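Put the two chains together into one complex, using the hints given.
Top to bottom, those sequences are chains A and R. Position 152 of the first sequence, counting from 1, maps to 152 under this note's numbering, and the rest follow consecutively. Position 33 of the second sequence, counting from 1, maps to 274 under this note's numbering, and the rest follow consecutively.
Because the hints were derived from the structure by calculation, they are not lab data. Please note that the accuracy of each hint is not assured.
Claimed, not checked - If you want the footprint, here are the derived chain A segments under chain R, 3+ residues with CB under 8 Å:
id : stretch
1  : 19-30
2  : 155-166
What the hints assert, rightly or not - To be clear about the criterion: a stretch of chain A counts as covered by chain R if any three or more of its residues have a C-beta under 8 Å from a C-beta of chain R, and this derived list gives those stretches:
id : stretch
3  : 58-67
4  : 99-111
As the list claims (entries may be wrong) - Computed from the model, here is a short list of chain A residues facing chain R with C-beta under 10 Å:
id : residue
5  : L8
6  : V15
7  : A36
8  : P79
9  : E115
10 : R119
11 : G176
12 : V179
13 : T195
14 : L199
15 : F235
16 : I239
Only a predicted model underlies this, so the values are computations on that prediction, with no experimental measurement involved. Glycine included, every Cβ here is placed at the ideal spot set by N, Cα and C.
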Amino acid sequence: MDAFRACLAIYLYCVLRATREPPATLLGIDGAPVRAVDLGGLGAWVSEVPSAPIVPSPERARSHDSVVRAALEGETPLPARFGQTLASEEELRAAVAERRAALETALARVEGAIEMTIRMLVPRSESVPSETTAAQSPRARSGREYLERVAAAQREERNVLARTQAVRDRISAAVGGLVRAEAFAAAAPGSTLATLSHLVPRPDIDRYRHALLTVRHDDPALAFMVSGPWAPYSFTEGIGT
Amino acid sequence: MTDAHLEAGDEDALVLSDLLSHVLDKGVVITGDVIISIAGIDLIAISLSVLISALETLERRSVGISGRLPRMLGDLPVLRSPGDA
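Here chain R stands alone, though its shape is the one from the complex (with noise of 0.2 Å):
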């Protein structure tokens, strides 16, 4: 067992889901009648379930937290920030 760390796939999934709750489920409703079809539920609760079975995945893997954890959290704001330009 060595240091756990994210895998490329694990990263795309983490980032992907958190993407998903954040798009699909949060935001300014103006419309009385925002689609958000069963397709766009289930796509809300598949990339819960995905953020989750990643977290659980790297608990198992990690030989300790703190090993995991600050790694992940600088490796996880990948996205760009505004403040960087």
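Just chain A, same shape as in the assembly (with noise of 0.2 Å):
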């Protein structure tokens, strides 16, 4: 027994202001049984997997998300990103033990909230490539041209930010007052999808969505889509590796 379960690992779902057991059934990664783990204070959900690296699925991802949300049914937990395993309870510790302060602060933030994601789709000129694409484009015929395209695709960048800033001051005019924090993700080059999450209080996720409703019928040339309520996934900055 001692031998199997040295082959064994702990992954991480999330980590919790206080130790709180898991429900009996719940299932996580591979179907092992999520179990809780008493961090002096804080807590922890875990399970026991292969020591072999977890390969991210989409099948394991909904498993991570399951157990986060099961935690999410009770006090707001800080949701661990997927794939964090570590040898032992005591290796789990140390971890956590070096990140305390970290760890504490963001779970005050959360308290009580949760998260709502907004992808904001930022219409693109479909007849101005990318910088990347026009510098590396064989068609240039001559060195003004390419200056040309370049310059273009760069403008086009500027405009995509603006029409990305302008979306996302609307909205934050919107739901400002209903928000704890707000996380900006902006488009990538090339790319035509921003997101903004908002950190929200439970009791005010209703009138979220309503301010979101209203944006939408006032304004119902900007393109964006809502999703939640998620763990604060996005809201887990400054504990740092």
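This is the structure:
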């Protein structure tokens, strides 16, 4: 049995403000039962996995999130990023102890709140290639044409940033009073998708949704969609590795 | 052309891509060497391109944006809300 256990690792799903037992029937990655680990005040939900790296798959990602969601049924946890395994509970305790202050600060910030995620589709001019494409294009007949293409691509990126900012400002103005924090990821060069994440206190979720519906009604040209509630995946910065 | 709506495949693709971009790319990192293999990075890239392409498909399919997005807004929060219990 000891030899068997030595082959296993601990897979981390989330960190909690206090030790709390998961539902007895809760299963995690590859169907393994989930259990709580007491971290001396803080708690964690883990399961055992083979010690080999956990290769991501849609099924495993769903399992990871469903465990985090089960924790979200109670006090808001800090969700762990997919794929973190530790050799033992002692290693988990040491890793948490090293970041304890940052974890406690992050847990206090997300307490009583959930994450809502807005995807903003930012239209691009189809006639303008991205800067990378422009730079790599072999069809430029002259140095001047090449530079004009690069300049056009740069103008388009600035236009996309400005359009994204306009949508972001409109949404932020509508929900600003309802959100505790905001995280923003601009569209990558050449991409059309920017992401705005909000940390919303649970009692305000319906008002938050209603505020977004009002934005949609008042300004139907804004292309965005919202999903959630999520555990606060986008509000865990500052904890470091 | 009819009013656009999310078909089952679209909705599954959107929910999965949103899930992958949260779970694989966000969240607390407490181990020094979080293992997101090459396959994981591909999954993030694929999921985001699926998300963009699904949105663009909806954009083309719709007569007007106003007819589509309120429905998306209503449809997409299919994930269970802890406050709904």
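Tested hints:
Proximity of the stretch 19-30 of chain A to chain R, defined as three or more residues with a beta carbon under 8 Å from a beta carbon of that chain, is not established by the 0 residues found. Figure legend: the stretch 155-166 of chain A, annotated as covered by chain R; annotation inconsistent (0 residues with Cβ-Cβ distances under 8 Å, at least 3 required). Closer than 8 Å: that is the beta-carbon criterion, and the stretch 58-67 of chain A has 5 residues meeting it against chain R, so the requirement of 3 holds. Counting residues of the stretch 99-111 of chain A whose beta-carbon sits less than 8 Å from any beta-carbon of chain R gives 3, enough to reach three: the coverage restraint holds.
A hinted interface residue such as L8(A) counts as satisfied when its beta carbon comes closer than 10 Å to some beta carbon of chain R; here the least separation is about 16 Å, so the hint is violated. Given hint, V15(A) at the interface with chain R, holds; its Cβ is 6 Å from that chain's nearest Cβ, closer than 10 Å. The interface hint given for A36(A) is broken, as the beta carbon of that residue sits about 16 Å from the closest beta carbon of chain R, more than 10 Å. Restraint check, P79(A) versus chain R: the minimum CB separation of about 5 Å is within 10 Å; hint holds.
Interface restraint check for E115(A): the shortest CB-CB distance to chain R comes to about 8 Å, inside 10 Å, so the restraint holds. With a least beta-carbon distance of about 7 Å to chain R, the hint placing R119(A) at the interface is held under the 10 Å criterion. Of the supplied interface hints, the one on G176(A) is violated, with its beta-carbon coming no nearer than about 19 Å to a beta-carbon of chain R, more than 10 Å. For V179(A), the suggested interface contact is broken, since its CB lies about 15 Å from the closest CB of chain R, more than 10 Å.
The beta carbon of T195(A) comes within 8 Å of a beta carbon in chain R, closer than 10 Å, and the hint placing it at the interface holds. At about 13 Å, the closest approach between the beta carbon of L199(A) and any beta carbon in chain R exceeds 10 Å, and the interface hint on this residue is violated. For F235(A), the suggested interface contact is upheld, since its CB lies about 9 Å from the closest CB of chain R, less than 10 Å. Taking 10 Å as the C-beta contact cut-off toward chain R, the hint placing I239(A) at the interface holds, the least distance being around 5 Å.
Going through the hint list in order, the structure does not satisfy hints 1, 2, 5, 7, 11, 12 and 14.
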